[in-house]
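**Student:** Protein chains in written order, with the working numbering: chain X, 1 to 697; chain C, 698 to 860.
These are calculated hints, taken from the structure and not from any lab test.
Misleading hints may appear alongside valid ones.
[As the list claims (entries may be wrong)] Residues of chain X clear of chain C, computed beta-carbon distances all greater than 12 angstroms:
1) Glu-71
2) Ala-405
3) Ala-441
4) Glu-497
5) Ala-532
6) Ala-654
7) Asp-673
[What the hints assert, rightly or not] Residues of chain X placed beyond 10 angstroms of chain C at every Cβ, according to the derived structure:
8) Leu-462
9) Glu-542
10) Gly-646
[Unchecked claim] Derived CB-CB ranges, DEER-like:
11) Arg-457/X - Glu-806/C: 32 to 40 angstroms
12) Lys-752/C - Ile-482/X: 52 to 60 angstroms
13) Ala-788/C - Ser-223/X: 21 to 29 angstroms
Keep in mind that this is a model prediction, so the values were computed, not measured.
Even glycine gets a Cβ: it sits at the ideal position worked out from N, Cα and C.
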Amino acid sequence: MAARRKRRTAADKAQAEFVSEAEEILERMRNDFGALAEAMGNGQVADPETVNSLFRSAHSLKGLSGMFGQEAMSELAHHLEDILDRLRMGRATLDPEGLALFDESVTVSIAALEKVGDDDASAALVESIADIIGRIEQWNEAPTEVEAQGFAVDLPESMLRALTEYEEHRLRANIEQGRGIYLVDATFEIAAFEEGLQEVQSAIREVGEVLSTLPSPSGALASEIRFSLLTATELGPAAVLQRLELGDDAMTVARLPDDHVDSPVPSASTGPSADEVGTQETAAETGGVATPAAADETLKSISDTVRVDIRKLDELMNLVGELAVQRGALNQIATRLAQDPATSRVGQELVKVQKTLERKLQELQSSVLDVRMVPLRQVFDKLTRVVRRLRLDQQKEVRLDVRGADTELDKLIVEELVDPLMHVVRNAFDHAIEPADEREAAGKSAEGCIQIVASQRGNDVLISVTDDGRGIDVEKVRERAIAAGLVTDSTELTRKETLDLIFHPGLSTCDEVTETSGRGVGMDVVRANIGALGGMVDVASEPGVGSTITIVLPITLAIIQALLVGVGSHRFAIPLNSIRETLLLEPEHLQRTEGREMLNLRGEALPLRRLSEEFQLGGPTDGKGYVVVLAVGDARLGLIVDALNGQQDTVIKAIQGPVAAVRGIAGATEMGDGGAVLVLDVSALVEDVVRKGEFRD
Amino acid sequence: MTEALPESWDALARAAASSGTVEQTDLAREFLCFTVDGDPYAIPVERIREIVRLKTITDVPRVPPEILGVISLRGEVVQVLDLRLRLGVQASELTRTHRIVVLHGDEGEVTGLLVDTVREVLRADESDIQPPATGDSDFVTALCARDTEFVGLLNLERVLDLG
Chain X
1 MAARRKRRTA ADKAQAEFVS EAEEILERMR NDFGALAEAM GNGQVADPET
51 VNSLFRSAHS LKGLSGMFGQ EAMSELAHHL EDILDRLRMG RATLDPEGLA
101 LFDESVTVSI AALEKVGDDD ASAALVESIA DIIGRIEQWN EAPTEVEAQG
151 FAVDLPESML RALTEYEEHR LRANIEQGRG IYLVDATFEI AAFEEGLQEV
201 QSAIREVGEV LSTLPSPSGA LASEIRFSLL TATELGPAAV LQRLELGDDA
251 MTVARLPDDH VDSPVPSAST GPSADEVGTQ ETAAETGGVA TPAAADETLK
301 SISDTVRVDI RKLDELMNLV GELAVQRGAL NQIATRLAQD PATSRVGQEL
351 VKVQKTLERK LQELQSSVLD VRMVPLRQVF DKLTRVVRRL RLDQQKEVRL
401 DVRGADTELD KLIVEELVDP LMHVVRNAFD HAIEPADERE AAGKSAEGCI
451 QIVASQRGND VLISVTDDGR GIDVEKVRER AIAAGLVTDS TELTRKETLD
501 LIFHPGLSTC DEVTETSGRG VGMDVVRANI GALGGMVDVA SEPGVGSTIT
551 IVLPITLAII QALLVGVGSH RFAIPLNSIR ETLLLEPEHL QRTEGREMLN
601 LRGEALPLRR LSEEFQLGGP TDGKGYVVVL AVGDARLGLI VDALNGQQDT
651 VIKAIQGPVA AVRGIAGATE MGDGGAVLVL DVSALVEDVV RKGEFRD
Chain C
698 MTEALPESWD ALARAAASSG TVEQTDLARE FLCFTVDGDP YAIPVERIRE
748 IVRLKTITDV PRVPPEILGV ISLRGEVVQV LDLRLRLGVQ ASELTRTHRI
798 VVLHGDEGEV TGLLVDTVRE VLRADESDIQ PPATGDSDFV TALCARDTEF
848 VGLLNLERVL DLG
């Protein structure tokens with residue numbers, strides 16, 4: 001049984017939240033001060049980003065402690081914020097004495113945090129805080145004001161107005177240092193712009209400084225957002241381009257002209273608009289601030305990538321499919337010509353040409369497929385963010401370990417994978433990982449771990465989510481299954497079969513409903529979603545050790561390998577990834593139970609169904625044929641067909657029309673002769689036969 | 698007339714479709730007229746995507762009998778509704794004059810209608826259109842008067858609603 005966490009009062013909880021958040025901020029400040037001290041020791045200029053980060057931390061701490069009634073701490077933070085503001089604006093300089101004061105402030109604040117809730121001890125600390133504040137004021141008495149002055153670069157006026165005082169200061173400081181000022185325009189999809197923007201920013205920070213990031217009005221699509229990043233760096237335009245080669249986001253880089261040294265701020269009428277800047281030729285020769293290595297480089301778009309609507313790729317794929325059909329027709333003509341003595345020579349030449357055509361078509365097809373592939377990283381990054389937020393929200397120490405983020409999958413599958421995977425991870429976070437005290441009592445590390453591993457295996461991608469939590473309580477699953485009427489008291493189930501029950505609709509192993517996992521969306525939905533992608537989900541669990549959810553997905557939905565089977569005059573295609581083996585039907589191995597056929601397959605009872613009966617296709621129901629052994633997870637079904645007609649790469653299409661979905665049919669595919677062949681929905685077929693049968697009384 | 702139709706029809710239907718819906722005010726509307734079991738029926742041209750000759754129809758199990766099967770249409774797989782069965786008339790052997798009228802549809806709802814022959818495009822004014830002869834008609838919601846006959850205007854929503 002799960003030990004329930006003790007319920008804390010709301011006030012206790014709020015206080016605990018404050019302490020942990022303030023601790024985090026102070027820890028960050030301590031690191032940043034350390035970095036500043038080191039830079040100073042080496043005789044370097046303080047990194048503006050560090051000063052800025054310190055300023056933000058002090059600001060957050062001020063607000064936070066004020067909100068929780070920690071007035072002394074708030075006052076101290078206010079003073080720190082003030083000094084740091086001057087520092088970052090270049091109105092004050094840091095000396096060892098100042099650094100020592102900062103360090104002491106942090107130490108005292110941390111000490112105060114530990115005593116929160118203990119009134120006597122806090123009172124003593126308030127005094128030492130007041131003491132530090134006094135010394136800070138003394139140290140800070142003679143700030144040097146810097147006069148505002150014009151810029152040595154020509155900035156669009158709209159941008160100038162948007163700059164904060166600090167950003168203006170940094171711009172000025174960078175120009176003084178002789179760095180080149182660039183505008184980097186980058187366009188992102190709104191849904192994922194945070195990651196993209198961060199990526200660009202951190203790439204720039206490696207070589208320079210991001211002075212300001214401004215959303216830019218642009219001709220971007222409605223689903224996109226564009227940013228202009230005002231950037232300072234010592235690199236020339238070519239080097240900047242090279243550094244920002246980040247992949248799929250459309251970007252342009254433009255060096256700002258710097259010939260307006262004397263023009264006052266703001267230079268409204270002389271400044272080019274943001275768009276003009278973006279397309280301007282290099283301004284290296286215009287003099288003013290030195291522009292190293294900028295001599296004869298042009299401002300081409302730095303990205304070689306194109307954004308494409310996936311539907312266009314579908315169209316392309318259809319065209320390739322149609323070409324393949326035409327190729328088939330050509331082959332028939334060529335073969336006919338080759339067989340006729342009168343035309344055999346030209347016929348054979350045509351056969352050769354046709355063979356080359358076939359090869360090229362295959363290359364074309366795989367190229368188009370390749371374009372659809374995206375790394376799983378985008379999904380995994382989302383998961384990482386969610387887990388980070390959950391950690392903060394729930395005060396639960398859980399580490400997310402992600403491997404194989406470079407594994408590639410069809411874009412469409414990746415999109416559809418987000419929700420199921422998110423659900424699995426949230427389940428693990430919420431229910432599987434125990435509270436820290438419970439973990440320690442069980443001899444585990446206080447911090448739980450969820451590991452996500454992706455890898456490619458042939459035409460499949462395997463994703464496993466493993467937690468080191470309490471494992472699934474098989475007895476409890478069974479109890480609930482009985483309560484839900486899925487099984488009876490007397491039903492004998494193996495451990496594996498019982499575990500598999502978690503995929504049944506309406507079965508959740510946790511009594512509590514938390515916001516995180518939501519209500520009603522259970523593992524059955526995960527299985528259904530993954531099944532719809534042609535994939536499979538499986539679960540393994542060890543009590544006290546943890547659970548693993550394994551998801552197997554085809555690399556692409558666009559093309560699958562299928563086995564063509566014949567039943568009477570009908571043809572069907574069965575996805576190869578769900579076929580375990582095919583057997584010749586040997587009547588002497590057939591057995592019947594309750595009127596249903598089954599087969600002794602190496603000692604295991606394999607349930608059998610005749611496709612002609614399942615689909616009421618008519619025709620003889622016994623006699624010769626083949627058994628196609630289908631597998632979904634651990635479930636097996638032998639499907640009896642009349643003929644096996646070989647394998648083929650097929651493009652599965654949804655069936656359009658007034659009848660929405662046919663159980664057992666996943667779609668259809670176009671054949672070389674122009675006809676359509678239905679593709680079986682193996683998971684539905686197996687589920688109908690095996691699962692229903694297993695758990696029925 | 699019937700045999701020479703398809704290509705021009707196709708173009709006409711596409712043009713009508715791409716120009717958006719045909720004006721429905723006082724202007725004459727255009728309908729595609731076809732026959733089922735010898736009787737004339739019509740549907741608005743703007744609903745038609747294309748008209749294709751009979752091609753291999755693949756049986757689909759577990760669907761109502763009116764669904765004849767699916768055809769492959771330049772990469773799309775589209776169900777074919779047998780209008781003869783739907784209108785309750787006897788289905789005869791398929792011949793080369795049979796046509797599949799492919800209707801526009803929202804995503805996933807493109808449908809083919811199997812008809813006996815395609816005749817012509819009718820232009821009809823409001824004044825040509827009158828209510829059906831009886832009130833118990835399921836699919837014919839109006840009649841269009843021609844020189845010597847009435848053409849039944851089909852309510853496609855009802856025709857396609859197999860639920």
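**Student:** It remains to establish, for every hint, whether it holds in the given structure.
**Tutor:** Hint by hint, here is what the structure shows:
1. Glu-71: holds (61 angstroms)
2. Ala-405: Per Cβ check, Ala-405/X is outside 12 angstroms of chain C; nearest 32 angstroms; holds.
3. Ala-441: Non-interface label stands for Ala-441/X: nearest chain C Cβ at 54 angstroms, farther than 12 angstroms.
4. Glu-497: Non-interface label on Glu-497/X holds, nearest chain C Cβ at 28 angstroms vs cutoff 12 angstroms.
5. Ala-532: Ala-532/X is indeed farther than 12 angstroms from all Cβ atoms of chain C, at 14 angstroms.
6. Ala-654: violated (6 angstroms)
7. Asp-673: Not fine: 7 angstroms to the nearest Cβ puts Asp-673/X too close to chain C.
8. Leu-462: About 30 angstroms separates Leu-462/X from the closest Cβ of chain C, which puts it past 10 angstroms; holds.
9. Glu-542: Holds: least Cβ distance 41 angstroms, greater than 10 angstroms.
10. Gly-646: Holds, because the least Cβ-Cβ distance between Gly-646/X and chain C comes to about 18 angstroms, which exceeds 10 angstroms.
11. Arg-457/X - Glu-806/C: 32 to 40 angstroms: With a Cβ separation near 37 angstroms, Arg-457/X and Glu-806/C satisfy 32 to 40 angstroms, so the hint holds.
12. Lys-752/C - Ile-482/X: 52 to 60 angstroms: Check passed, 54 angstroms falls within 52 to 60 angstroms.
13. Ala-788/C - Ser-223/X: 21 to 29 angstroms: Since the Cβ atoms of Ala-788/C and Ser-223/X sit about 48 angstroms apart, the hinted range of 21 to 29 angstroms is violated.
The structure is inconsistent with the numbered hints 6, 7, 13, although it conforms to all the rest.
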